[in-house]
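Residue numbering for the sequence shown follows the working numbering, starting at 17 and increasing by one per position.
Derived by calculation from the structure, the hints in this document are not laboratory data.
Since the model is a prediction, treat every value here as computed from it, not as a measurement.
Watch out, some of these pointers could steer you wrong.
[To be verified] Straight-line distance between alpha carbons at most 25 Å, and here's what the computed SDA-like set of lysine to any residue pairs gives:
{"no.": "1", "residue 1": "K265", "residue 2": "V279"}
{"no.": "2", "residue 1": "K261", "residue 2": "R114"}
{"no.": "3", "residue 1": "K365", "residue 2": "R114"}
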Amino acid sequence: KPLCQRVLNTIKQQARNFIIKNATDGLRSYLIRGATGTVVLAAIGNILALVISVVMARMMGAEEFGIYAYTMSIVNLLFVISMLGLSQLIIREIAAYRANQTWNLMRGLLKRANQATFIASVVMALGAAIFAFVMIERIGEHAFHTFLIGLILLPLLVLIHLWATTIRGLGHILLSQVPMVVIRPCLFLILLGAAYLFREDGSSATKAMSMQVIATAVPFVIMLATLWKVLPVETKNTSPAFQTKVWMKSAWPLFFVSAMLIVNQQTDILMLGAFKNAKEVGIYRVAQRGAELVSFGLVAVNMAIGPTISTLYTKCEMQQLQRIVTRSAQAALVFSFPLVFGLVIFGSKLVPFVYGAEFASAVKPLAILCVASFLAVSLGSVGLLLTMCGHERDTAKGFAFAAVINVILNAFMIPMWGAKGAAIATGTSMISWSVLLALLVYRRIGINATAFLRLS
């Protein structure tokens with residue numbers, strides 16, 4: 017009997033090793049394809065965003081471009097609030113429901129998420145419109161009209177993002193990105209070009225915002241059709257089951273994390289517009305857009321490895337998780353280095369040449385933000401790791417700490433140094449939360465998220 021038991025255990029162990037090896041090989045192949053495609057798409061998206069910012073800055077000038085950028089910052093802030101923290105929750109839960117084949121819970125989550133986010137976006141848009149009407153004398157009639165048109169984007173962006181995260185959770189990473197990363201900016205560029213060719217008022221922020229609404233409507237339809245196509249048949253044919261209290265309990269810390277993240281991302285522009293003027297915002301937005309190129313590799317990697325982190329952590333495959341996290345951070349760092357080097361060394365010549373002499377003062381803020389972004393990239397996918405492994409409360413604490421630092425530093429530095437002060441404050445906040453979250457990842461999960469770990 018002991019001999020038979022040992023033989024049986026040996027067979028089980030060999031079978032398990034065979035399954036793990038083949039599953040790991042398949043996972044590695046999938047990750048290579050997914051990450052490569054995601055990086056390519058992210059690169060295309062960042063290039064298109066850069067081209068759009070150049071075209072708009074050239075056509076509109078610093079002041080009108082600043083009004084447009086300020087409106088989009090407010091819309092982005094309202095967008096995060098309207099998502100209610102459901103974005104990361106959907107990616108995590110959809111992947112789990114798919115693995116466990118609990119199709120009724122998948123349909124229930126999607127139905128409840130669509131209802132909640134759409135209602136929230138409409139309420140936020142109406143509230144913001146009323147507030148802007150009350151403040152119309154302060155902000156000006158032109159900026160008010162631009163803002164009202166921008167609010168039309170809010171429910172469209174919320175539903176598009178919700179459907180895209182669902183498609184990502186189902187494993188179709190590239191399909192979830194193409195409409196917003198490629199199609200939308202291309203349509204926007206075409207509309208800007210048409211306005212320029214036909215000598216329309218392309219320099220108006222209001223006209224540019226109207227074009228943005230039109231360009232967003234097309235991906236809205238495409239994303240809806242894509243979701244219906246990739247959604248499992250079992251989910252379509254089953255009755256929804258709801259765990260609303262459980263979902264909201266998990267979504268609350270994720271919502272807090274998203275809110276703190278958007279505070280860190282938009283505080284500089286919002287406070288710069290409040291303390292200074294639209295022209296200063298336009299100049300700073302140019303620097304911010306250039307610095308965003310530095311972190312695009314890490315953003316692309318996060319899109320590719322998000323569901324995989326949750327799967328590996330659930331299966332307790334920590335060695336494979338460490339390898340994927342390290343390689344991803346190293347790949348992001350390799351992509352970032354030449355961009356940082358080029359923008360910091362040659363920024364004084366590139367910015368006036370590309371955007372015009374009016375934006376020459378964006379050089380120093382650009383260099384500060386580039387260095388800070390590079391240091392943050394070197395610390396890896398810290399926020400994603402904590403969230404995907406169920407430690408979203410720690411992520412929330414880290415982002416809250418950084419948000420407080422960001423607001424305080426911006427309040428002190430913007431009145432003194434303008435756009436340069438905003439860059440110093442935002443860069444300091446960015447590095448501080450990256451370091452804090454990297455320490456929390458190692459403490460909670462036992463994973464070194466940085467790019468500096470040497471794998472055996």
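Against the structure, the hints come out as follows:
With a C-alpha separation of about 22 Å, the suggested pair K265 and V279 falls inside the 25 Å cut-off, and the hint holds. Pair hint K261 plus R114 holds up; C-alpha atoms about 21 Å apart against a cutoff of 25 Å. A hinted pair counts as satisfied when its Cα atoms are at most 25 Å apart, and K365 with R114 does not qualify at roughly 51 Å.
Taken one by one, the earlier hints fail for this structure only at number 3.
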